[in-house]
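**Student:** Residue numbers (the numbering used here), protein chains in the order written: chain L, 577 to 914; chain A, 577 to 914; chain B, 577 to 914; chain Z, 577 to 914.
Keep in mind that the hints were calculated from the coordinates and are not lab data. Be aware that a few hints might be false.
[To be verified] Sample of chain A residues at the chain L side, in silico, Cβ under 10 Å:
id, residue
1, L629
2, P633
3, V638
4, Y645
5, Y799
6, G803
7, H836
8, H839
9, H876
10, P887
11, G910
No residue lacks a Cβ here, since even glycine has one placed at the ideal position from N, Cα and C.
4 protein chains.
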Amino acid sequence: MIIVMDHLANDEQINAVLARLEKAGFLIHLSAGVERTIIGAIGDKTHLKDMSLEAMPGVEKVVPILQPYKLASRAFHEEGTIIRVGGLEIGGDTVHVIAGPCAVESRDQLLVTAKTVKQAGATLLRGGAFKPRTSPYAFQGLEEEGLKLLAEAREATGLLIVTEVMDVRTLPMVAEYADILQIGARNMQNFFLLREMAKVDKPVLLKRGSSATFEEWLMAAEYIMAGGNYNVILCERGIRSFENYTRNTLDLSAVPVVKHLSHLPVIVDPSHATGRWRFVPAMSKAALAAGADGLIIEVHPNPPEALCDGPQSLTPDNFCSLMSNLKQLAAVLGRKLP
Amino acid sequence: MIIVMDHLANDEQINAVLARLEKAGFLIHLSAGVERTIIGAIGDKTHLKDMSLEAMPGVEKVVPILQPYKLASRAFHEEGTIIRVGGLEIGGDTVHVIAGPCAVESRDQLLVTAKTVKQAGATLLRGGAFKPRTSPYAFQGLEEEGLKLLAEAREATGLLIVTEVMDVRTLPMVAEYADILQIGARNMQNFFLLREMAKVDKPVLLKRGSSATFEEWLMAAEYIMAGGNYNVILCERGIRSFENYTRNTLDLSAVPVVKHLSHLPVIVDPSHATGRWRFVPAMSKAALAAGADGLIIEVHPNPPEALCDGPQSLTPDNFCSLMSNLKQLAAVLGRKLP
Amino acid sequence: MIIVMDHLANDEQINAVLARLEKAGFLIHLSAGVERTIIGAIGDKTHLKDMSLEAMPGVEKVVPILQPYKLASRAFHEEGTIIRVGGLEIGGDTVHVIAGPCAVESRDQLLVTAKTVKQAGATLLRGGAFKPRTSPYAFQGLEEEGLKLLAEAREATGLLIVTEVMDVRTLPMVAEYADILQIGARNMQNFFLLREMAKVDKPVLLKRGSSATFEEWLMAAEYIMAGGNYNVILCERGIRSFENYTRNTLDLSAVPVVKHLSHLPVIVDPSHATGRWRFVPAMSKAALAAGADGLIIEVHPNPPEALCDGPQSLTPDNFCSLMSNLKQLAAVLGRKLP
Amino acid sequence: MIIVMDHLANDEQINAVLARLEKAGFLIHLSAGVERTIIGAIGDKTHLKDMSLEAMPGVEKVVPILQPYKLASRAFHEEGTIIRVGGLEIGGDTVHVIAGPCAVESRDQLLVTAKTVKQAGATLLRGGAFKPRTSPYAFQGLEEEGLKLLAEAREATGLLIVTEVMDVRTLPMVAEYADILQIGARNMQNFFLLREMAKVDKPVLLKRGSSATFEEWLMAAEYIMAGGNYNVILCERGIRSFENYTRNTLDLSAVPVVKHLSHLPVIVDPSHATGRWRFVPAMSKAALAAGADGLIIEVHPNPPEALCDGPQSLTPDNFCSLMSNLKQLAAVLGRKLP
């Protein structure tokens, strides 16, 4: 890290910083310029956060230089990580599509959707059983009954199940039914929950928080990995910007950037990102072209009757037509759909 | 709400929307303009979220008109709410200052700080016992030992205790020791946790999420109130913007705006907002002038040695000097400090 | 538009608003609900901005319903607009790539680049002659000499010239040399300049301002169109968000959204959006897959020696390889490169 | 600056960077760590922007350490700058209030407003003569007639005139009538205009762009100062965030931060920031308490009839009452109103 001293900092203040860094075992480069003194400190970056150097008199600012994550970094694992689950490989040549309704609403709704998306080429089924919503007055999910329906749909179709874990108490129950555990955008920095995910023997689909930087997102992955679970799949789902015609602003540069910084697979959720079914096909294709390892897409047999997120759900017809486009596209991109 | 039809929407599509709204019990105003048809629907707004009208063919967009929160709204309770806790009134003429360290680090650190801030005029003591951090490698808090030290500091000084609840499992333990339970910015939309807060018989200090709109923040308060706990204190602590010289962007307009929209007390956290002790006094005074009902300020006996957030902590001296300024300021604003 | 009255608004205040609207010729729908009164006003939306209804006592807020732009809207011109310039059609089946250096630096630099990008399949050449920069101490462009070099490069290669107009004084000079006039992101709401663009008989490439909404961007196009110049090409080049690993956040949803709202062609600038050459190929492919009508890409014969924006410039080799990928991709998307 | 090499960078790549820096005259600190090589380069920072080091193979990123502005920095001029104009001192103990309508609409409107605000304690009159608006269909200003009315109001009241310059062509005309020339938020990075402002012998009121960082804002001031005009007053007027209940998000931390980084006076515009008259008094008081050297407030004799920005204009009564509050407040802050 670099410590930039104030232009008025005196020798005593500079020496106090140097003494503190030396005591902490850092190797030091001192550069006493005409305008101001700058101190380079080299050492174990995991201690920096606890040093509060900016609170010392005469310190103008501290500039970190290295990434704070280790296990999640590309430097730690040069090859892209492939996550194996139920016979599928996520992060390899094959692009996987996770499809299904926002919320599990009924046996009928779920099974019809599952069969449709399976036939169209999806390999995983999504569906929320716990759905606490922005409004306390809205539909809140079928809970364990929803999980059972997901398991039934897996039986019927062979699709693997991806569903969200909302809190530590229900984690064991969800883990019993799901193949991949999703951490939603709002829980990306729920560190208590992340610690528990580290102990589960299932892959985690970690959504980017709606105002999380790439670094914060990778630090959340680091939390899970540091605890022992290396099977983390990252999911870009749009960030909050000033533009609100779309529900969020899909940051597709996340795909090449995070694949450059990290070895973990990256998938994209165009449904939550745009919030409008009309724009989902274009953004699905764009995500694939940007290099995404997969997509998670909301599909509902009758979107206007959906209890949750109908406006962003594709009809089965629109989904099938999109899948057929994605197959052609994957071919020229050196990828394939199953 | 207003449903704006696409300019190419045909009669069949318009009639389908009308039929759906009528069936749901809405009163309808139809305005068939030259350019496009617009439908006004009046009725119970709590059902709207579940209607997915934007998924119907021919619908361009749905514009909500009324606020989705009820109990938190100023219309529900014309007078400003005063929250009574341990002999204090929050939301009345008296401005309360909550002060203390980011994290409880040791008996000594906490008691010294508590005595200092008490003497300077603070009425409540802050201090985190559970501190899961952005990095899994940083100090994570003293947990129950920290809570015990907080209780001891209350004994010694008479200050009430404000401390953060991080998850549902530790809530009962925290509630045993604290006078006011804080929900941090990252948990503002942790709906499982909010539901539990509704059942606790203690006031809740609800921080604004770093990318939460005023409406989302008030909806989070609504969650707690809808479950039966009406003692919610709102806390503005800065939002995420493109500017990162400051840790967050303190949105002081939150004070008059939220007090216009809601009857709940609003306090301000200038420490997390700016992230730098140097700017805390100016923003504390500004918050008071904007009409805040209180402040929550980080104070540490020796900021450079703080295990957490030292750069934004005031020294005891700086805090005392600020309190003396705030007292004078309150007088000309028609408020007072205790 | 909808006027939402305060819940405490009295009859006198409501009547004053009604009287004002009636006098201005609006058709009115009054909805006096239990909680509050809501007024719908139908009429010429171009007058609304001048009415300041929110300044009237008892008015809580005014919610506009219709788009404020007319000529730029899809409703005005159902078919997508094709802009014809120098034998090229922009907005049709063919995707055009504009390539070249950020700034014209020398005859050699420009001609080498022009020949390379021409051979690789570009049809237009970019290059800045006026380059006022964030710092007053940086290279500011070759001015008219740069324009002459651009014209020479057109002679030599047949590429059309796209270059930026920075102010009204130099507009006639730039218009003499260029085939398409670019309005940069910082000038998107320079209304004096937009008015002049309306009078020029050349197509305008209008970049989105870095914090402009879709609506503001289309209103800027409306300015040019309202003055008589209908040949506007829109260019998404990234917006400012909290994420600063990339120079801007490329908002690719702009492509399908703006093509839904408007009939104008939309192209994408992945170079300014990402700010790093490494991510330009992925985002170029993504833009094409999202439906862009063209791309504008920075290419420099020796990026580390570039006087401007070297970090985001492709080498000739990387550009050729990208163009070959784009050709294959266009084929499966139902588009083609020239 | 610090050059961080990729973890895979080889010796040849590192040596190429070193050679380039040495040739450019930089002093170098090399730190070849286990994980990656880091290069510190010390020298003339004005050259860095032109070096495009990030385009060199093996370079991961370049981290600038020093501020890019010099003349605008506090280090250049330790004491706060006081700007003297027409007998007033801006930046000293006295807080000045600039008040008046958004746009000059008529002789009557302007003179009535001028007399009112003068009597209430304002020392400067604002009013726009050139008003190109977001919509080409809205009122665009009285132009030179407006400037003449402003001069007449100055005659009648003794108030100094602050009005906006929109482009280089009308600058001489505006400079003839105005005492202080305003650069609006949209022109903050109109470098052609900034260069001209450098040559005018009048103080410049430089508004912060709605998505400009503190550094970019100070670089815009540097443009004007580098050309010879040191009389720059900075004006915070709100930034664009995701929150759109208010027109902009007033970033009051700009006041202490910019006064820490720079010696220039800083004033605040609560009218454009909030966009709603109701919140202007609270934010005016907050700005004063944060340390602002002045305020610019919109006042209109009859806001609902204003041709521009009525919703954010105070009535004369509300303005007088605010001024009386500000006077009391200034006293306890160690400032005074005239």
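**Student:** State the violated hints by number, sorted upward, taking the hints as numbered earlier in the document.
**Tutor:** 7, 8 and 11
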